[in-house]
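Now for the letters of each chain:
There are 2 protein chains.
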Amino acid sequence: MIPQDSIVALATPSGAGAIAIIRISGQDAIPIADSVFKSIKNKNLVSQKTHTLHLGHIVDGSKTLDEVLVSVFKGPNSYTGENTIEISCHGSTYIQQQIIQLLLRKGCRMADAGEFTLRAFLNGKLDLSQAEAVADLISSDNEASHQIAMQQMRGGFSNEIAKLREELLNFASLIELELDFAEEDVEFADRTQFHELLNRIEFVLKRLIDSFAVGNVIKNGIPVAIVGEPNVGKSTLLNALLNEERAIVSHIAGTTRDTIEDELVIGGIGFRFIDTAGIRETKDYVESIGIQKTFEKIEQAQVVLYLSPLTPKGGTLDAENIKEVQIEFEKIKNQFPLKPLIIIGNKKDLYSDNEIEHIKKEIPEILLLSAKNKEGVDELKNQLLSFVNTGALRNNETIVTNTRHYDSLLKALDEISKVKYALETNLSSDLMALDIREALYHFGMITGQVTNDELLGNIFANFCIGK
Amino acid sequence: MIPQDSIVALATPSGAGAIAIIRISGQDAIPIADSVFKSIKNKNLVSQKTHTLHLGHIVDGSKTLDEVLVSVFKGPNSYTGENTIEISCHGSTYIQQQIIQLLLRKGCRMADAGEFTLRAFLNGKLDLSQAEAVADLISSDNEASHQIAMQQMRGGFSNEIAKLREELLNFASLIELELDFAEEDVEFADRTQFHELLNRIEFVLKRLIDSFAVGNVIKNGIPVAIVGEPNVGKSTLLNALLNEERAIVSHIAGTTRDTIEDELVIGGIGFRFIDTAGIRETKDYVESIGIQKTFEKIEQAQVVLYLSPLTPKGGTLDAENIKEVQIEFEKIKNQFPLKPLIIIGNKKDLYSDNEIEHIKKEIPEILLLSAKNKEGVDELKNQLLSFVNTGALRNNETIVTNTRHYDSLLKALDEISKVKYALETNLSSDLMALDIREALYHFGMITGQVTNDELLGNIFANFCIGK
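First to last, the sequence lines map onto chains V and B.
When we follow this note's numbering, the leftmost residue of the first sequence carries the number 42, and every step to the right adds one.
When we follow this note's numbering, the leftmost residue of the second sequence carries the number 42, and every step to the right adds one.
If you're looking for bench data, these hints aren't it; they were derived computationally from the structure.
Check the hints yourself; a few may be wrong.
Unchecked claim - In silico DSBU-like pairs for lysine-lysine, Cα to Cα no more than 35 angstroms straight-line:
# : chain 1 : residue 1 : chain 2 : residue 2
1 : B       : LYS104    : V       : LYS90
2 : B       : LYS82     : V       : LYS90
3 : V       : LYS388    : V       : LYS338
4 : V       : LYS147    : V       : LYS104
5 : V       : LYS90     : B       : LYS79
Said to hold, decoys possible - Computed from the model, here is a short list of chain V residues facing chain B with C-beta under 7 angstroms:
#  : residue
6  : ALA52
7  : PRO54
8  : GLY56
9  : ALA57
10 : GLY58
11 : ILE60
12 : HIS92
13 : LEU94
14 : THR105
15 : SER112
16 : HIS131
17 : GLY132
18 : HIS187
19 : LYS508
Even for Gly, the Cβ is constructed at its ideal location relative to N, Cα and C.
Next comes chain V alone, as it looks inside the complex:
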């Protein structure tokens, strides 16, 4: 099952940079690298120790392609578990291409997406959920998703599943043994202990399944619907939220990422802001498509931010304006009674103390702030964070973020419920044994103890080349 050929790929992002890394893995990785490498000290790579670095040139016949540093890793002490070479070359795309082409001619094959990690899995360096976490880790762009991926990659999730699976397997073998002695009517498996185990498994599975709602949202960013018309200061507010976070990274030239305007990281958690058209039109066209769409977007969101069209009139408060805001606010609350809702009044700096008091009396829930002066922005951040159930995150609990795992957990829970029912109603052991096997199968699917080519193909196709 484990392939014997040597694969090669660029492991660093494509494009020009100071350094690029070309990775080779496979039984013949070291002799292949040796055939194109001329060490400065006339060293032979094959006879070098693992985890050593060597300066020299990549040569194609009489032509020198580049001065490089070569890292030697000898299996099983490598990422893939195989012999591995990493060539650190100058980061020109021309050099990258030339070296890869040379290695292809020398007997390497272009690696498929995720093939290095697939080999790590096949060689037992990682289980399947850990391998999946590698891809999550690379695509994580905030503290929360990074932390979850990191925990999963280090085996947090697998350990929990593997432990339950082993206990269940013990009981399964005892029950299967009973079936062999079916005519003698013996009970090797202690039914009370077994029931206790099933309860424990059920409890853990339910907790993991519940965590998916949080996990999924953290992985993809927490959706926040901003309800408000274009001119109420949405972008000023987004900028006010964004600016501080941005300042942290802006001095690291070359590492700042392209900012997608509507995605922010607040307190290490990613938020996705969904712009809506507002619901002011309702007064005129209750059934209009616009308002329909706004409600659909609110439905998808975890939190609603209502930017009120409250406008300072200079000195005296406009009763009509307040009334209008109250009506809209009530409308959202009635439509989505369970959805966390923040109502905001911007431009606090333009109101008099009297007016502020008046507003607070009329709309007690309102958060008055000044996006321009950054006043009240921290309070908004705290409110946003408080709505996110990150208790599990803070307590370092295992959080499920992967739809495939979620699916397997649901199926496993279903089977465990069947086993429990069979046990409680004294159904025959052979039916119970079948259900236990099914549950074990689904556990195994998560960690990769049970697997098939199609599943592996699907998982690793989502990786980048070179990983």
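Position chain B relative to chain V; hints supplied.
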């Protein structure tokens, strides 16, 4: 002069990938890395040998940022000549940022553009022209420019200059010695030998200066003007030229670069195709702006490709059409008698044998081809290459590509001519000594034996961060 602080930067291209490399260089690079690194085998980085790799985690207090491989290089055996650490982490931008921020907090400073290579220069690992070649190497995108940069980085150019400089220096010291004994009228420097040396220097300088025309063009791509109206098949022809070259790189996923339609690499040499509007309008508006612009572009080009508007009429040849092509062709030849010119008739596949014979009789210089069927495309490539003076390239001669070097060489030649004149006309030795010193100064500017902060600032500002 050599800075003592430790600098850090991302060395791989920005963006997400399988692997990213963060590089630290400076006296305290290893202890700083040690303070955030937890080796799997509980190893202390400071006590490790140079050129070794270590698996472990980057930790920020109780938080684990990533599982990484750390390379240890001890000065002077490193790129910069200083203690250097390379952290190979997972390629998420979040992780890159977090690790760099952590290192900044631990006492590193963000590296300026090219600062690693600047330090390599200051520590005597590279001379200035070699350091400049590093940037050229990274930006090289074809075989020719890569080969020149590689040769320069390996010291080809510097060696040639340094050798001449040393010989000149010998004579200079003898002549300065003569000045000390001016009243005794002695001659320590053999005038015949000196004259011979000056001739040799002059010869080399002239050759290097001449090579700049080729070098500059190779570095930036050889400009080829395509004269022809939009509908004569320009893009089909460009595609025919491009396709084969493209096929070579297309199977290397992740490494193919964005193709700029008008830049091709043929036989390892870069060509820049400059589209012109054609000159057909001349019959109507001799002084039109369009034709003026076409001529300006032809002026800038090294080679002219004239795509004739010759069209097969099916069976019989159109005498009018041939006449028209002849007139245009003659016009270009007369305007630019020294500029290499290729005249092309496309769609060869649509002509009968008789017609082909007829065309060849009327326009003997024409290259008939079929871009669609790829017939004659190789011949065109060979013709394009034959116009490029790459003799020097093939003979591995030193080629100057850098405007700064070109400038210094011109100045040095000027001074050498003055010295020669002084020698031939028996001018006083003290004037000659001044000119020699000037020549030595310009030689030194190339290799960096003579330098100043402003010059270094200008050179390294063009580097990418992390190099």
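> Which hint numbers doesn't this structure obey?
Replying inline: none
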